[in-house]
Amino acid sequence: MNNLEAIYDFILNQLRELTPIENFYFKPIKPKLSDIELIAINICAEYLAIDSEYQLFRYLANSKMKGMIERSVYNRRKRKLFYYMEDVRKLMVAKFNDVGNSFIIDSMPLEICKNARANRSKICKESEFSFPSRGFCASQSSYYYGYKLHAVCSVSGVFQSFDISTASIHDIHFLKDIKPQFKNCTLIGDRGYLSATVQIDLFNYAKIKLETPMRSNQKDYKKQPYILMKSRKRIETLFSQLCDQFKIRNNYAKSFNGFKTRILSKITALTFIQLVNVFVFKRNMNNIKISII
1 MNNLEAIYDF ILNQLRELTP IENFYFKPIK PKLSDIELIA INICAEYLAI
51 DSEYQLFRYL ANSKMKGMIE RSVYNRRKRK LFYYMEDVRK LMVAKFNDVG
101 NSFIIDSMPL EICKNARANR SKICKESEFS FPSRGFCASQ SSYYYGYKLH
151 AVCSVSGVFQ SFDISTASIH DIHFLKDIKP QFKNCTLIGD RGYLSATVQI
201 DLFNYAKIKL ETPMRSNQKD YKKQPYILMK SRKRIETLFS QLCDQFKIRN
251 NYAKSFNGFK TRILSKITAL TFIQLVNVFV FKRNMNNIKI SII
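The UniProt record's numbering puts the first residue of the sequence shown at 1, with every later residue one more than the last.
Rather than coming from a laboratory, the hints here were simulated on the basis of the structure.
Worth double-checking, as some hints may not be accurate.
[Said to hold, decoys possible] Okay, derived cross-link-like pairs now, DSSO-like style, lysine-lysine, Cα gap no bigger than 27 angstroms in a straight line:
id, residue 1, residue 2
1, LYS183, LYS247
2, LYS125, LYS233
3, LYS125, LYS176
4, LYS179, LYS95
5, LYS223, LYS125
6, LYS254, LYS179
7, LYS260, LYS247
8, LYS254, LYS95
9, LYS233, LYS90
10, LYS176, LYS114
11, LYS289, LYS64
12, LYS90, LYS223
13, LYS125, LYS183
14, LYS289, LYS95
15, LYS233, LYS254
16, LYS64, LYS179
17, LYS80, LYS183
18, LYS32, LYS64
19, LYS80, LYS125
20, LYS95, LYS223
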């Protein structure tokens with residue numbers, strides 16, 4: 001933790017190179033800590049795997065950021081910055097200039113509490129539209145209670161787009177949301193996206209070719225080419241990194257706004273490390289467990 005200030009300064013300098021804007025929305029009184037500085041602290045905390053705000057502010061109390069912001073204000077402002085943080089993440093993604101015509105799509109479960117507590121849980125229930133639900137995870141062959149993270153990444157391993165839905169929503173519905181975002185490309189998915197109707201609709205709408213493995217009992221069964229099976233492992237590796245290093249399955253949020261902000265923070269931190277790996281240190285982009293100072 002002795003490097004916290006140095007890491008924060010490095011992250012802040014890189015963010016300022018991405019955008020000259022310090023404050024993204026109007027505030028009657030100019031705060032001591034600008035919006036871009038708050039985002040830098042947030043990314044710094046995720047990089048250092050400080051998953052608790054209480055613990056983060058213990059470290060900040062012994063740094064030059066002491067007294068710059070109060071914990072409840074930090075939490076409130078961070079949630080307000082959700083869409084602006086996503087804009088910053090998109091600026092990072094744009095720097096990679098991944099103009100390839102192949103992308104990988106997948107989903108992962110985000111459990112907010114155990115099934116036994118689901119009926120009495122009040123987490124993320126402030127608005128009816130965001131109520132969590134029970135869903136089934138095929139890879140783990142088990143039911144869970146919470147949400148589902150849907151994501152599209154490039155073949156090189158950069159998240160292009162993501163969304164959060166309740167656990168009961170089928171993966172295939174996410175394809176309706178990304179139709180306007182991609183065109184003239186190939187989407188590589190697993191059997192959860194297998195649908196002849198959806199494949200035709202995607203191709204007619206935006207010339208998107210959906211590649212999924214066939215079920216063994218399907219008529220005219222053909223094994224999926226090895227290169228596509230190997231490419232699909234890239235997004236599974238990214239999900240594993242989010243679970244391992246960024247602890248994406250640890251939930252401390254009480255509201256849905258807080259929950260989605262935590263998820264975005266972790267994906268933004270991952271993208272930031274990929275960015276500095278490529279453009280600052282000239283090393284392997286997906287070496288995530290590595291020093292940035």
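Going through the hints against the structure:
no.: 1; hint: LYS183 <-> LYS247; result: violated (33 angstroms)
no.: 2; hint: LYS125 <-> LYS233; result: violated (34 angstroms)
no.: 3; hint: LYS125 <-> LYS176; result: holds (26 angstroms)
no.: 4; hint: LYS179 <-> LYS95; result: holds (23 angstroms)
no.: 5; hint: LYS223 <-> LYS125; result: violated (43 angstroms)
no.: 6; hint: LYS254 <-> LYS179; result: violated (32 angstroms)
no.: 7; hint: LYS260 <-> LYS247; result: holds (14 angstroms)
no.: 8; hint: LYS254 <-> LYS95; result: violated (34 angstroms)
no.: 9; hint: LYS233 <-> LYS90; result: holds (23 angstroms)
no.: 10; hint: LYS176 <-> LYS114; result: violated (30 angstroms)
no.: 11; hint: LYS289 <-> LYS64; result: holds (26 angstroms)
no.: 12; hint: LYS90 <-> LYS223; result: violated (35 angstroms)
no.: 13; hint: LYS125 <-> LYS183; result: violated (36 angstroms)
no.: 14; hint: LYS289 <-> LYS95; result: holds (21 angstroms)
no.: 15; hint: LYS233 <-> LYS254; result: violated (33 angstroms)
no.: 16; hint: LYS64 <-> LYS179; result: violated (46 angstroms)
no.: 17; hint: LYS80 <-> LYS183; result: violated (31 angstroms)
no.: 18; hint: LYS32 <-> LYS64; result: holds (12 angstroms)
no.: 19; hint: LYS80 <-> LYS125; result: holds (19 angstroms)
no.: 20; hint: LYS95 <-> LYS223; result: violated (36 angstroms)
Checked against the numbered hints above, the structure breaks hints 1, 2, 5, 6, 8, 10, 12, 13, 15, 16, 17 and 20 and satisfies the rest.
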